[in-house]
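Undergrad: Below, each chain spelled out in residue letters.
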Amino acid sequence: MPSASDTTTVTSAATGDTTRRRGSMLLKAVALAVLAAGVLSFPSVAANPFILSVGVVIMSYAVLATSWNFVGGFTGYISLGHAAYSGLGGYATGLLVIHTGINPWLAMVLAGLVVAALAVPIGIASLRVRGASFVIVSIALVLILLLVFQSWGSFTGGSNGLRVPRPFGPEVLRPEQHERFFYLHALLLGVALLVWWLIDRSRFGTGLKAIREDEDKAQALGVPTFTYKLIAFVVSAFFTALGGGLYALWFGFLDPIFQFSILVGSYMVLMSLLGGIRSLFGPFLGAVIVGYAVEYFKNQYGDSQFHLVAMGLLLGLVVLFMPDGIIPAATNLVERFRPQKTSIREVSAADLAEQRRTAGPEAGQADQQARTDDGTDIPSTDTPTDTSVTEGARR
Amino acid sequence: MSLLLQSLVLGVLLGGLYALLAAGLTLYFGVMRVVMIAHSAFLILAAYLAWWFSTETGLDPLLSLVLTVPLFFGMGVFMQRVLISRLRPATLTMMSVLLTFSIALVIEGMLGFAFSGTQRRIRLDYGGANFEVFGANVAVVKLIAFALAAVSLAALFLLMKKTQFGQALRATIQHPEAARLIGINTDRVAGYGFGLGLATAAVGGTALALDSTFYPSLHWHWIGPLMAIIVVGGLGSIPGAAIAAMVLGMGQSLLQIPLGTTWAQTFFYIALFATLMVRPQGFFGGRLAQRF
Chain A
1 MPSASDTTTV TSAATGDTTR RRGSMLLKAV ALAVLAAGVL SFPSVAANPF ILSVGVVIMS
61 YAVLATSWNF VGGFTGYISL GHAAYSGLGG YATGLLVIHT GINPWLAMVL AGLVVAALAV
121 PIGIASLRVR GASFVIVSIA LVLILLLVFQ SWGSFTGGSN GLRVPRPFGP EVLRPEQHER
181 FFYLHALLLG VALLVWWLID RSRFGTGLKA IREDEDKAQA LGVPTFTYKL IAFVVSAFFT
241 ALGGGLYALW FGFLDPIFQF SILVGSYMVL MSLLGGIRSL FGPFLGAVIV GYAVEYFKNQ
301 YGDSQFHLVA MGLLLGLVVL FMPDGIIPAA TNLVERFRPQ KTSIREVSAA DLAEQRRTAG
361 PEAGQADQQA RTDDGTDIPS TDTPTDTSVT EGARR
Chain B
1 MSLLLQSLVL GVLLGGLYAL LAAGLTLYFG VMRVVMIAHS AFLILAAYLA WWFSTETGLD
61 PLLSLVLTVP LFFGMGVFMQ RVLISRLRPA TLTMMSVLLT FSIALVIEGM LGFAFSGTQR
121 RIRLDYGGAN FEVFGANVAV VKLIAFALAA VSLAALFLLM KKTQFGQALR ATIQHPEAAR
181 LIGINTDRVA GYGFGLGLAT AAVGGTALAL DSTFYPSLHW HWIGPLMAII VVGGLGSIPG
241 AAIAAMVLGM GQSLLQIPLG TTWAQTFFYI ALFATLMVRP QGFFGGRLAQ RF
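Order-wise, the sequence lines are chains A and B.
Start counting the first sequence at 1; every next residue gets the next number (this note's numbering).
Start counting the second sequence at 1; every next residue gets the next number (this note's numbering).
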């Protein structure tokens, strides 16, 4: 924790800072190259087409979770209903291909744009409320779409499902299909990650993160909170719809029960939370772990409801014991063995409350000393603010 | 005309059940600012317990209330004290949604595991009995379900208004810090409030089991309308929730005539979106709802 005694080490730390930063950048570049090489070489090392198809599913989850993280990670608005956008994207792609016969890839992008346009009024309605109501609206949206797509049989195929024509001709065999779609998903994931990274570094991203930590203060400081939230929401819906469309083209069949399922939306949340919603690669890591676990459970226990219990327990454990995710937890572990940073760090409101709670007395004292610096001397032995600080943190 | 009257009566009967369940949801939100997604999962759990009780013992499913209500109350207190209170205050609302969602998944999965996914129904001697009021046909089981809901709601109302515990509970809902200052043990009261909320799910589940078929994933069909009701009524307001439940339940029932059952369900969601556009804090919510 930064305290007054740190000031003596600032100068020495600053000189070593640039070299260290260059070193860590190099390390990051190498790690990124290794990660990319690992992902891209997966189809050639996959033992059989089934493993490869599991790989495609995991990549699809990774795309969806990363897309979810545009709104969940930046603004802190947790949407349990993002399956609405992936489902709409899938259906829009399929229906466009069937009814207009345009190029499937063009249809996919068009579907993404259509869903993004639909997300504008939905976002305006649901972002007016915070926290609990927002989650309720997101769930309601999935349920309403499920109803509509099941009932409107003449247009969407209803409960019988919708068969989506394959974009590649019959001469492309299934393993070859899986391989191509694996690379396509990887490409989409790369684009989504790049956009997330760009937003993360921008002024816009800083505004979004301010909303996440304290929306009222952000607004008071002049961040156009509603516009920012809406843009993040629409971008997220766009990428989610692209992910849904790509999945539809790969899988070739859409059933409303599986497309508009709260379970799919909660997978996105679980993956992102598990990996860490504040980190770029968090949702990707979460998707690999959860996607593998889901496929494993389905393979082992087949049709039984057991995968629901496993998924529920995992989500509960993550929420209770690791709400920040794996990546921040691991980074913290590494940071402990490094010299302390002296620059301003990103501290969340929750962390701050936690810090204040653990270091209540000293923090309170320092606070009071600072306030009474202008001459009036109050003995610092009895500090009534202590209790209020700790009490406030516990609330 | 008689068709209209018929759906009005059905709407009132259904609205009563909605009102009881929505009151439970409001209690959780009031005491802890928690949106309890698992509420309807507990509802289905209670329905299954009633069914299991009556098939095992051959007794009337209503008698299962003697067991399920205290059981659910205990589970509610346990949930609040052991699970919900562990969450960090800064992210409580969001994380509690996820936590209760995971509880709902576990309950659904366990029910499917234990009782399989087939649809269940309780066979009752008086299951087919009905009588006529002004040309409208009223099934006895529906009337029993309504009476159960009405009695529980009245009991809840009296508890909140007339007893010292109810006063403490209302104080905790209105202003937890002030309540603590005047000597109310808000942690314990919040736990009991949670237990009361879950007890409404036990009563509602038994009432539901009397006259309808149920299956493990049915709770998704209940949580949507219930959530819509508490948002329309204004989060945290019990009378608001009850009034919204009656109005929306009757609306759904009336819309079933021209639209059919499936499309009539969308009425809840349309009401939800309309409320958010016109009055995001709900129609009866006061200061509490505005912050959320």
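Note that these hints are calculated values from the structure, not bench results.
Quantities reported herein were computed from a predicted structural model and do not represent experimental measurements.
C-beta: ideal position from N, C-alpha, C; glycine also.
Watch out, some of these pointers could steer you wrong.
To be verified - Derived list of chain A stretches under chain B, where covered just means 3 residues or more per stretch with a C-beta under 8 Å from a C-beta of chain B:
no.	stretch
1	73-80
2	349-355
As the list claims (entries may be wrong) - Derived list of chain A stretches under chain B, where covered just means 3 residues or more per stretch with a C-beta under 8 Å from a C-beta of chain B:
no.	stretch
3	24-32
4	153-163
Undergrad: For each hint, tell me whether it holds in the structure or not.
TA: Taking the hints in turn, this is what the structure says about them:
no., hint, verdict
1, 73-80, "holds (count 3)"
2, 349-355, "holds (count 4)"
3, 24-32, "violated (count 0)"
4, 153-163, "violated (count 0)"
Violated hints, listed in ascending order, are 3 and 4; each of the other numbered hints is respected by the structure.
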